[in-house]
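Asker: As a plain string of letters, each chain reads:
There are 4 protein chains.
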Amino acid sequence: MAYALDEINAAPAGEFVAALGKVFEDAPWVAETVAPARPFATVAALHEAMLATMRAAPADLLLAFLRGHPELAGAAAKAGTLGADSTSEQAGLGLERPADDAETLAAMNAGYLEKFGFPFIVCVRRHTRASVLSEFRRRLTLDAPSEKRTALREIAYITRLRLVGLVDGPGAPVVNGSLTTHVLDTSRGRPAANVAMELFEVGGGQPALLATGTTNAEGHTDQPLLEGEPLRIGCYELRFDVGRYYSSRLAEQPPFLGVVPIRFSISEPETHYHIPLLVSPGGYSTYRGS
Amino acid sequence: MAYALDEINAAPAGEFVAALGKVFEDAPWVAETVAPARPFATVAALHEAMLATMRAAPADLLLAFLRGHPELAGAAAKAGTLGADSTSEQAGLGLERPADDAETLAAMNAGYLEKFGFPFIVCVRRHTRASVLSEFRRRLTLDAPSEKRTALREIAYITRLRLVGLVDGPGAPVVNGSLTTHVLDTSRGRPAANVAMELFEVGGGQPALLATGTTNAEGHTDQPLLEGEPLRIGCYELRFDVGRYYSSRLAEQPPFLGVVPIRFSISEPETHYHIPLLVSPGGYSTYRGS
Amino acid sequence: MAYALDEINAAPAGEFVAALGKVFEDAPWVAETVAPARPFATVAALHEAMLATMRAAPADLLLAFLRGHPELAGAAAKAGTLGADSTSEQAGLGLERPADDAETLAAMNAGYLEKFGFPFIVCVRRHTRASVLSEFRRRLTLDAPSEKRTALREIAYITRLRLVGLVDGPGAPVVNGSLTTHVLDTSRGRPAANVAMELFEVGGGQPALLATGTTNAEGHTDQPLLEGEPLRIGCYELRFDVGRYYSSRLAEQPPFLGVVPIRFSISEPETHYHIPLLVSPGGYSTYRGS
Amino acid sequence: MAYALDEINAAPAGEFVAALGKVFEDAPWVAETVAPARPFATVAALHEAMLATMRAAPADLLLAFLRGHPELAGAAAKAGTLGADSTSEQAGLGLERPADDAETLAAMNAGYLEKFGFPFIVCVRRHTRASVLSEFRRRLTLDAPSEKRTALREIAYITRLRLVGLVDGPGAPVVNGSLTTHVLDTSRGRPAANVAMELFEVGGGQPALLATGTTNAEGHTDQPLLEGEPLRIGCYELRFDVGRYYSSRLAEQPPFLGVVPIRFSISEPETHYHIPLLVSPGGYSTYRGS
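Here the protein sequences come in this chain order: A, B, C and D. Using the numbering used here, read the first sequence as starting at 1489 and increasing by one per residue. Using the numbering used here, read the second sequence as starting at 1489 and increasing by one per residue. Using the numbering used here, read the third sequence as starting at 1489 and increasing by one per residue. Using the numbering used here, read the fourth sequence as starting at 1489 and increasing by one per residue.
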């Protein structure tokens, strides 16, 4: 489904627009406008050109464009008439499913549209459900120019992700993050092997299990706990089964440390988060590593 | 309700037995036996003498004594016919209330009685509900001599607590523990003031809030989080609101650290647990202090 | 040699001046001026009144007062004609002894006198030799009004120490600091006992041993490493013999940790510094505690 | 100067012996014996075969071989008649230069020869001067069979290093170690950039500067502090200039942390040592990482 940048650069304008016309929601004119500026040396340069086109659009066209975005978990989502991209993007949060806060969300959507004249736009792939809702509440309080800038910045995030998914080539912007850990047994000055762990999202109601892992001989997990897409802004808890790791060494029952929970927030989705645990039977440290 | 040790030492034997006859469940003969050995120099010596009497009792008397103990959350507890001491002791765990695990408990009580010939005895004031149940399961697997020793050790804990509650005097054994904390802001090399915290018991189903606190200018809470009785063996979580403490300093949203949970177990009820938090915006340490 | 505040308050003016006339160098008029304002409720109030008198003095009297101070390691110190207080105060730094930097010091004294019109005044009891010299260099660069304020502030420190040494009574200002440590073995969750340590001053040439200690069962030293006078501003190194503490547990030779040096600076002489060591065979933490 | 393993495997026996005859000191018979067993699949297999030949040698030949080794800083070293390999190996420690402990060393050499019948043999490239001397003292106390085993183990280290220096090929044993660091600023949750550091050997008299470095944007040094040969068993101090790193942020003078020294020992020369510093203005942690 992805195109090579070279191919896109060399294609007739019509094919170029057919390929990239949906990157900006219902706005093929963005692709049309940048087509003559080809070739682009990098994917990032192509994206920058498209963003510049969007920002330079006449006020009424830009407003129509903003209005063309679907509501968050709105009528289109419920009716299944969202565009394919928006559908899969929104699905990640489960916002389209009936929920306790459905009425709240409907009220916020209505209030937002009333205040700003277009729907609330957010790059949901960079958020947990909890952070979307808190961000929604925060943005409702902004003044119109600030909020318009915020909406355009979110569109930059949305379209960057879509474009990177469509076009392979040099100079692709970084859109993915990752989460790794490392467990060191400071009572022995050695990596701690065979420590089981679970990663939960804990920002909303019940903690939701996202990943599990076990440390190898180097104290790492073989694979990052999260990778391959943007991290989602939100609150997480990483739980290490330290009690079992030390169980053969300690007589004390129950041991001082059993499950060690590390709770932290992610605010930079396109970044590497490294959350080490330095542990001893009598205590531990953690920090944002690198 | 408490007697001075001097008073107890000087009282006629009848009064001595009236005062202390209920320390050992339904076994006034323990007090009767030690009465002539008075005076005792310390409360601990009095307790030791009573325990020696119990251990030296003829096998059938000792068995009758063990059989005289009420079941845990058993018929007597439900019917309200427990002795006053046992009633208040068991009440601390809520075991007498109907619960999901009531059938399990009934089955364990029956199995235990069948295997060992007397009811399961445990000093409930040193336990959380979760640790009573796990201890019950563990003790069901012991052989008869080991379990009899364990039951007598528990009676030593029960009677020590009752005796210390009844008799004031020198040389009272330590029966209380305490839990304290201390929050240091290592990014400033200063105590962290006004950090709110909550203490939960987390060994069983839902976390149960036990205490709340806020650090003062020295980074301590004005009062220990727990004190004045034995700590209960079990698993706890202390949650510090670090996010709010740093909120004025940090732009990053959400901040890396919000609520910092420290989960730890208590295994020594008559001890001081000190659980400090050394915190910085980018990480923290905790350990069993002193 | 010390007087009770009550006694000083009640004494005839002549005796009051005889007792306190030397607190301000060669300036009995300070004591004479405050004598009629007696009684003072606290030692601090007495000191404040004396300082207010000094600050309110006519410019020429104040200048004469400043000029009445001896040079640091100057001619009077070498000739042994310093007042008793100044002699013992300066002796603590060894500045009167011939040293490599004697010429430097002489040049700084001359330069200072030339620039400001009075000798360099510093409360040497709050300083190490290294910090006196660096402070001297720094103050040579100040403008005249700033430096005059600094000199008066130093006189406040000098006279506060002298007064607290002369007068016992309520409301004495805090003039002493202390330095303590605490060693916790996080590999066992227990205080580390029998850890030997040495405290050095390391700001100047060769490290100078100031104190030694060994941890007791609680992981503390029985006495603070420093106490009973102001801490001296400067750089210190506390060296813990961790290698010997763990020697029976570790096969690895040499062990990863042998002597653990903690280097830190003291900038607040009237304060408690607590420098804990949380140690494990594979690493350690330290921090400014409280 | 190095040969490819393939080349060595294919060469006539005479050339093979010419190439590798000096790997074992004055013992070309080792190479001669293994020549017919070629080809060797790996460098490690070749070394193992040579060691097996040495160990299987008749007792008198083995003793002659051991006696053929030069004394440590002995007559041959002083006269400049050591073999080229031994000369460069011993030079690393400066043991051939006159020193305060020259007499001690001569006495130990004599005592060792008297006790064991051959000179003290040690792989000096794996040692600092201080650790050679302490190892010498330790080994003088061993019984003859233990010490003979120790001497043969040292010859295995010496010849492994020589062989790896002579023969390139697959399956070369690991003979090098490395030392790296990482500085994290936990007060910001970010790597600490531009932190200058110095590495000293501190096992003997005066600390000897071995390397300097500065952290880059990731908190690492661009190159390991030590690499490309075996680490030398001994005691080291890594000093980080934390004071300058924080100087723009802190008003307190002098700052609590200036130069932070981390002292640690290396006992495994063929290993990677990672010594991170997690630092905040009010404290720090270090540990043996990985």
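No lab work stands behind these hints, which were simulated from the structure alone. Just so you know, not all the hints are guaranteed correct.
[Claimed, not checked] Estimated spans, in silico, between C-beta atoms of each pair:
(1) C:1547 / D:1740: 46 to 54 Å
(2) B:1693 / A:1629: 34 to 42 Å
(3) B:1658 / A:1740: 50 to 58 Å
(4) D:1656 / A:1681: 41 to 49 Å
(5) C:1692 / B:1533: 34 to 42 Å
(6) D:1656 / C:1626: 38 to 46 Å
(7) B:1759 / A:1699: 32 to 40 Å
(8) A:1681 / C:1692: 29 to 37 Å
Glycine included, each C-beta is placed from N, C-alpha and C at the ideal position.
Asker: Hint by hint, which ones does this structure get wrong, listed from lowest number up?
Answerer: 1, 3, 4, 5, 6 and 8
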